[in-house]
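A.B. asks: Residues per chain, in single letters:
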Amino acid sequence: MESFSNLLMGFSVALQPGNLLLAFLGSALGTLIGVLPGIGPSAGAAILIPLTFQMDPTGAIIMLTALFYGTQYGGTITSVLLNVPGEAASAITCLDGYELAKQGKAGTALSLAAIGSFIGGLFATICLVLAAAPLTKMALQFGPVESFALLTVGLSLVMGLAGKSMVKALMMGVLGLLLSMVGLDPVRGMPRFTFGRLELMEGLDFVPVIMGIFGLAEVLANAEEGFGEITLAKMSSLFPSRSDLKRSVKPIIRGSLIGTGLGLIPGMTGSAASFLSYITEKKSSKTPEKFGTGMVEGVVGPETANNAHANGALIPLFTLGIPSSPTVAVIMGAFMMHGLVPGPFLFTEHPDIAWGVIASFVIGNIILLILNLPLIRIWVKILKIPYGLLFAVILGFMVLGAFSVNNSVFDIMIMLGFGLFAFFMKKMDFPMAPLILTLILGPQMERALRQSLEISQGSFSIFIETPLSAILFVLAVIILIAPAFKSLRKRKEKVSGEGA
Amino acid sequence: MNCKKSHGFMVTVAVAALFALCLAPLSAQASWPAKGKSIQLWIGYAAGSGTDAGARLMAAGLEKELGVSIVPMNKPGASSQIMYSELAKAKGDGYVFGTINFPSAVVSYIDPDRKATYTKKNFDLLALHIVDPGIIAVLPNSPYKTLSDLVAAAKANPRKVTITTSGIQSDEHFALLQLQEMTGAQFAFVHFSQGAAAAIAPFLGGKVDAYTGNVADVIAQYKAGQVRILGVMDDVRSRFYPEVPTFEEQGFKLYNSANRGYAVPAGTPKAIVDKLSAAMKKVMESPEHMKQVEDMGLTLRYLNSEQYSKFWDDYAETVKRLLPLSKE
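Sequence lines, in order, name chains A and B.
Just so you know, the first sequence maps onto residues 23 to 522 in this note's numbering.
Just so you know, the second sequence maps onto residues 8 to 335 in this note's numbering.
I should point out that these hints are in silico values taken from the structure, not numbers from a laboratory.
You can trust all of the hints, since none of them are fake.
Have a look at the derived ranges for each label pair, beta carbon to beta carbon:
no., chain 1, residue 1, chain 2, residue 2, range
1, A, 186, B, 120, 40 to 48 Å
2, A, 404, B, 307, 50 to 58 Å
3, A, 395, B, 76, 47 to 55 Å
Just so it is clear, CB atoms sit at the ideal spot from N, CA and C, and this is done for glycine as well.
Chain B on its own, in the form it takes in the complex (with noise of 0.2 Å):
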C-alpha cells in the first residue's frame, strides 16, 4: 500500500525533474518564480525535527506569498553537513534554497576536523527566520540565585560546577566559552551530546549543578516551578519568561542563540534573492505564522540578506577565535 505510494511519489518527482530540466533555459529571473514551476526547500535535518516544523511552516506561507508551490525535501545527516555540501554545489537559479543552521553552518566549515567542502562564499543568504536564545538555569533550591552567584562559584573553584550542554560545539558550548572568556570563571561541561531534551532529567535530578539550553526547552518546567532560570542571553527579555533578566541587565555582553535561516546557492541572481527574502519577511508579519511559531517556544527574528550576512561573519569570527577552546 505504502509501496504504491512512494512509487507515485518516485514518478512525479521524476516528471517534475523532467520538466524543470526542460523549462530550466527558458526561465529569465525577471519571471521568477515561473507559474507552475516549484521551489524546493532542502532540510538539512529529518523529519519531525523543530528546523522541519519551522521550515515547513516557512513553505506554506512562501507558497501563498508566491503563488508557487514550495516543496520540502528532508536532507538529513552530519548536522546538516550532507545538505550544505549538496546545497553549495547546486544550481542558482531560485528554485532550491535551504535551511541553515547556527551554530553547525558555520562551525562547520571553520572546523578543519570537518573537511567541509564549502565555506559561507559558497552561499546567499536569504533571511534569518527564528531565533531560540540560550538560558542558563538552576533547581529552586540551588545556592546559585542569580547569575553572577553561579560565576562566581565558576570562578572560585575552577571546573568544579558542572554544568550541560547539547554537545561540543553546540550553541550552549559556544555561549559557555564565551562566558569563560569574558569573565575567568571555568565551568565543567557536561556534553549530551544526543540533544538539550537528554540532559534534563540529569538535571531536574540533581546530577549536574546548571543547565544551558534554549528558552523553549524548559518553557513546562518553568511553569511548574521545577526550574528557576537565571539569564536570557539576548538583549530583550523573551517573552516566555517577562520575569527573568537578561544577561545583559547582569552586567554579562553575551548574546547568543540557536537560528535558523535561508540560503540559496551563491550566484543566484541578486533580484531573486531580495524577492524571496520580502516574501518570507512577509510570511513572518502574518498573524498565523506568528502564532504558529510562538505555540512552539519560539521567537521570530527577520534579518534581511546584508543583515544576516553581517550576523553570520561576527559568529564566525567568534567561533574562529573559541574552536581550539572548545576542543580542549
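Bound-form chain A, shown alone (with noise of 0.2 Å):
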C-alpha cells in the first residue's frame, strides 16, 4: 500500500500546471516524431535534450519520457494510413492496419490501437509501481562494492544490443568505455586523453555525443535514402463497434504481457515486442489464414505491445539504473544531465521526481489517448511537409541545442563530429547502442571501482566477500557464456542434422 500512497505524491507532483503542460508537450512532439518516418524514438529524444536543459528535473524527464512512449502511438498513424511505418515498432501493423483502412476501417483500426496502447501503458506503469517499492527499500545495501557488480550486469548486457555481429558489438563497447576515460582522473586528479583542451576536462559531455549519434546519423541517413509519394488511405468512424472491440480484449491482455515482459529484458527492441504479439495472434486466432487481410486482432495485439514495452522498458531504468535500449539511454543521460543517478537511490533521494515521474506515465497515456483519436487528420497532414525543408530545420535545431548545453561551440563540432561518425559506422554494421551503454556506465563503474578499492585498500576480493555482489557477479557470468552454450548447441544440432 506504501507504493499507492507515494504514486499519490506523484500524482500531486505530475498534476502540477507546469508538469501537466510539459506531459502535454512531450506527448504532441512524441506523436509528431512518430507520425514522422526516418525519425525514431531515440533520434527524437536526442534532438530534443537540450529543450529540456534549463527545465526542473521532473518537467525534463517527464517531458522526454512522454515523448518516447508518445512516439508509439504516433507510429500507428502512418502504418494505418500510408502503409508506411512511422516507427520501427508499428512496422508490423502495416499488414493488417492499411488491409483494414483499405476497407474503410481506418477509424476503427486507429481507435482500437490507441486503447489498446492505453491499457499497455497503464499495464506497464502499474508493474513498475509494484517493482519499485521492494527495490527502494534495499537502497541502502547498494555502496560502491555493489553498485560496481550491478554495473558489471549492465555491461554484460552489451551482448543483448549486439545485433548481428558480436564482434562489432564488442569493439563498439569498448571504444565507448575509451571514450568514458576521457577527462580527470577520478581519484589521481589528472587529465587523461584531454590534449590540452580545457572543455574535455570533464570528459566528453555525452548530450553532444547522443545527438550526434542517434540524432544526426538517423537524420543524414534518411536524408540520403529519400521517400516517395504518399497517398493516403480514406478515414472512416473512429468508433469501433461493438463486435471489434469483443474481438480486441484479448489480443490486449496477450500484448501488455508481452511488451511489459520484453521491456524487462535489455536488448529486446519495441519492434520485437509487436512482432511477438502479431505472431501470438496470429497462433491462437481461430482463422490464422485471414491475417494479413484486415485483421483487428493483427492491429491492437502489436500496438499493445508496443506501448507496454515502452513503459516497461523503463522498469529497469527506474530501478536499477540499466538502460535496457537506445531510447532509454538517451532518457538515462537526461537523468543524469540534471544530476540523477536512476537506480533504487533515486526513490530514497528524490521520490518526488521518481513517483512525479512515473504518476505523469498514468497521464501522458490520458493525454496521448485524447490527443490521437480526434486530431489524427492534423498529424497526417504535417506528413505534407517536404523532407528537405524538414530535415534542414531540424539540423539548425540540433546545432542550437548542441550548443545550449554548455553555451560553447565545442559541443556542436563534438556533435557533428560524432554524427560523422555514427553515419559512416552504421552503413558498415556497426551497432550503435552498446557504444552509448559503455560511454553512460564507464564513468560511474570506473568510480565504483575505484571507490571499493579505497575502501579495501586495493583488495579485489571485497568483491567476492560481499554476498549481494557475488551474487551479481555470478548472474552477470551467466549473462556473458549463456550465449556462448546456445551457439554451441546449435551447431551440434547442425552437426547431428547433417548426419542424418
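The two chains are supplied separately, each in an independent frame; assemble them into the complex guided by the hints.
C.D. replies: Below is the structure:
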C-alpha cells in the first residue's frame, strides 16, 4: 500500500500545471516524431534533450519519457493510413492496419490501437509501481561494491544489444569505455586524453555525443535514402463496433503481458515486442489464414505490446539504473544531465521526482489517448511538409541545441563529429547502442570500482566477500556465457542433423 | 517555440554587445556604472548548481544597489577553469566579474597538471560571499563518539578507517590532509568525485566509517537523527548545529570550508573594485538576502578585497604544502 500512497504523492507532482503542460508537450512531440517516418524515438529524444536543459529535472524527464512512449502512438497512424511505418515498432501493424484502412475501417483500427496502447502502457506502469517498492528498500544496501557489481551486469547486457555481429558490438562497447575515460581521473586528478583542451577536462559531455550518434546520423541516413510519394487511405468513423471491441480484449491482455515482459529484458526492442505479439495473435486465432487481410487482432495486439514495451523498458532504468534500449539510454542521459542517477537511490533521495515521473506516465497515456483520436487528420497533414525542409530545420535546431548545453562551440563540433562517425559506422553495420551504453556506464563503473578498492585498500576480494556483489557477479557471468552455450548447441544440432 | 525565444535572446545579446563596444571608450571610471549599461556576472558552474543559486541572489541584490542590470552568464566546465581562463583575459573595466570558488580557483593554478593559463595575479578580488564550513559525521551507532576517538582510531590503525571526500583536491580532501598532518593519523580516503551528495547514501548504508562534507550537506539527516556530527571546521559554532562543537573547541586548529566570492580581471580601477565590493557588503546586510542564503543552509561571511586576498594567500600556502600528499 505504501507504493500507492507514494504514487498519490507522485500525482500531486505530476498534476502541477507546469508538469502537466510538459507531459502534454512531450506527448504531442512524441506523436509528431512517431508520425514522421525516418525519425525514431531515440533520435527524437536525442534532438530534444537540450530543450529540457533549463527545466527542473522532474519536468524535463516527464517530457522526455512522454515523448518516448508518445512515439509508439504516433507510429501507428502512418502504418495504418499510409502503409509506411512511422516507427520500426509499428512496422508489423502495416500488414493488417493498412488492409483495414482500404476496407474503410481506418478509424476503427486507429481507435482500437490507441485504446490498446493506453491499457498496455498503464499495465506496465502498474508493474513499475509494484517493482519499485521492494527495490527501494534495498537502496541503502548498495554501496560502491554492490554498485560496481550491478553495473557489471548492465555491461554484460551489451551482448543483448549486439545486433548482427557480436565482434562489432564488442568493438563499439570497448570504444565507448575508452571514450568514457576522457577527462580528469576521478582518483588521481590527472587529466586523461584531454589533448590540452579544457573542454575535455570533465569528460565528453554525452548530450552532444548522443545528439550526434542518434539524431544527426539518423537524419543523414534518411536524407540519403529519400522518401517516395505519399498516398493517404480514407478515414472513417472512429468508433469501433461492439464486435470489434470484443475481439480486442484478449489481444490487449496478451499484448500487455508480452510488451511489459520484453521491456524488462535489455536488448529487446519495441519491434520485437510487436512482432511477437503479432505471431501470438496469429497462432491463437481460429482463422490464422485471414491475417494480412485486415484482422483487428493483428493491429490491436502489436500496438498494445509496443506501448507496454515502451513503458516496461523504463522499469529496469528506474529500479536498477540499467538502460535496456538506446532510447532509454538517452533518457538516462537526461537524468544524469540533471545530476540524478536512476536506480534504487532515486526513490529514497528524490521521491518527488521518481514518483512524479511515474505518475506522469498515467497522465501522459491519457493525454495521448485524447490527443490521438480526434486529431489524426492534423497529424497526417504534417506529412505533407517536404522532407528537405524538415531536415534542414532539424539540423539547425540540433546545432543550436548542442551549443546551448554548455554555451560552447566545442560541443557543436562534438555533435557533428560523432554524427558523421555514427553515419559511416552504421553503413558498415556497427551497432551504436553498445557504445552509448558503455559511454554512460563507464564513468559510473570506474568510480564505483575505485571507491570499492579505496574501501578495501586495494584488495579485489571485496567483490566476492560482499554477498550481494557475489550474486550479481555470478549473474553477469551467466549472462555472458549463456549465448555461447546456445550457439554451441545449435552447432551440435546442425552437425547431427547433417549426419542423419 | 523555444527556438524562437533563444533566437530573440541571441539578438538581444548581440545588440547589447554592439552597444557595449560603442560605449566602452567613453565610460570613465568615475561614472561607473554607466546608466543603461549592464554588468556581466560569469558563473563557473551550470545553472541550478549551488554556486549558480548564490550568485544569482547576489546579482539580484546588486541590481538594486547599483541601479544597473546584472546579467548572470553560466560558463561551466573543468571545475570553473574554463571561466577563470576567460575572466583572466577579459577587460578590466568593471563591466564583468566572475565567481571564485575555493579550493578550485587556488588548486587549478598551483597544480601543474591542470595547465592553468592564469594565477592569482590575473584577478582582483572583490569580496568573499558565502562559506560552508566542513564537518565530519558518523552514524549514531558508530564507536567514535568524539573527534578524538576518530583520530585515535586512524592513528592506531593507519589506512583502515574509511572516510569520504567529495573528490580529489576537494575542500574535504584538503581538510583531511590537514588533519592528518596535524595529528599523525592516517585515513583511508574514499573519493566521491561526483560530489558530496553521492557519498551520503553509502555513508548512511554503513559502507564507510565516516563522512566528510559541508554543513549544508546533512542538515536533513541531522534533524532526522540519522547522523552524529563530530565537529565543524570553523572558529564559531554553526547556527545549523548549535549543539555541535567546533574542531577548535576539541583542540584541533582546523578551519576549512567550501566558499565562494567574486573577482574582476586584474587591472580594474581600484575605485570600481571598492565600489563593487561595498555594494556587495550592503547586499549581504539586507534581511531578505540573509534569509535566502540561510534557507540554503549556507553562511554569509563578508571579506573585503584585502582581507579576501590575504585569505587566498593563506589558503594557497596550505594547498602548496599539501598538494604532493593529495596525489599519493
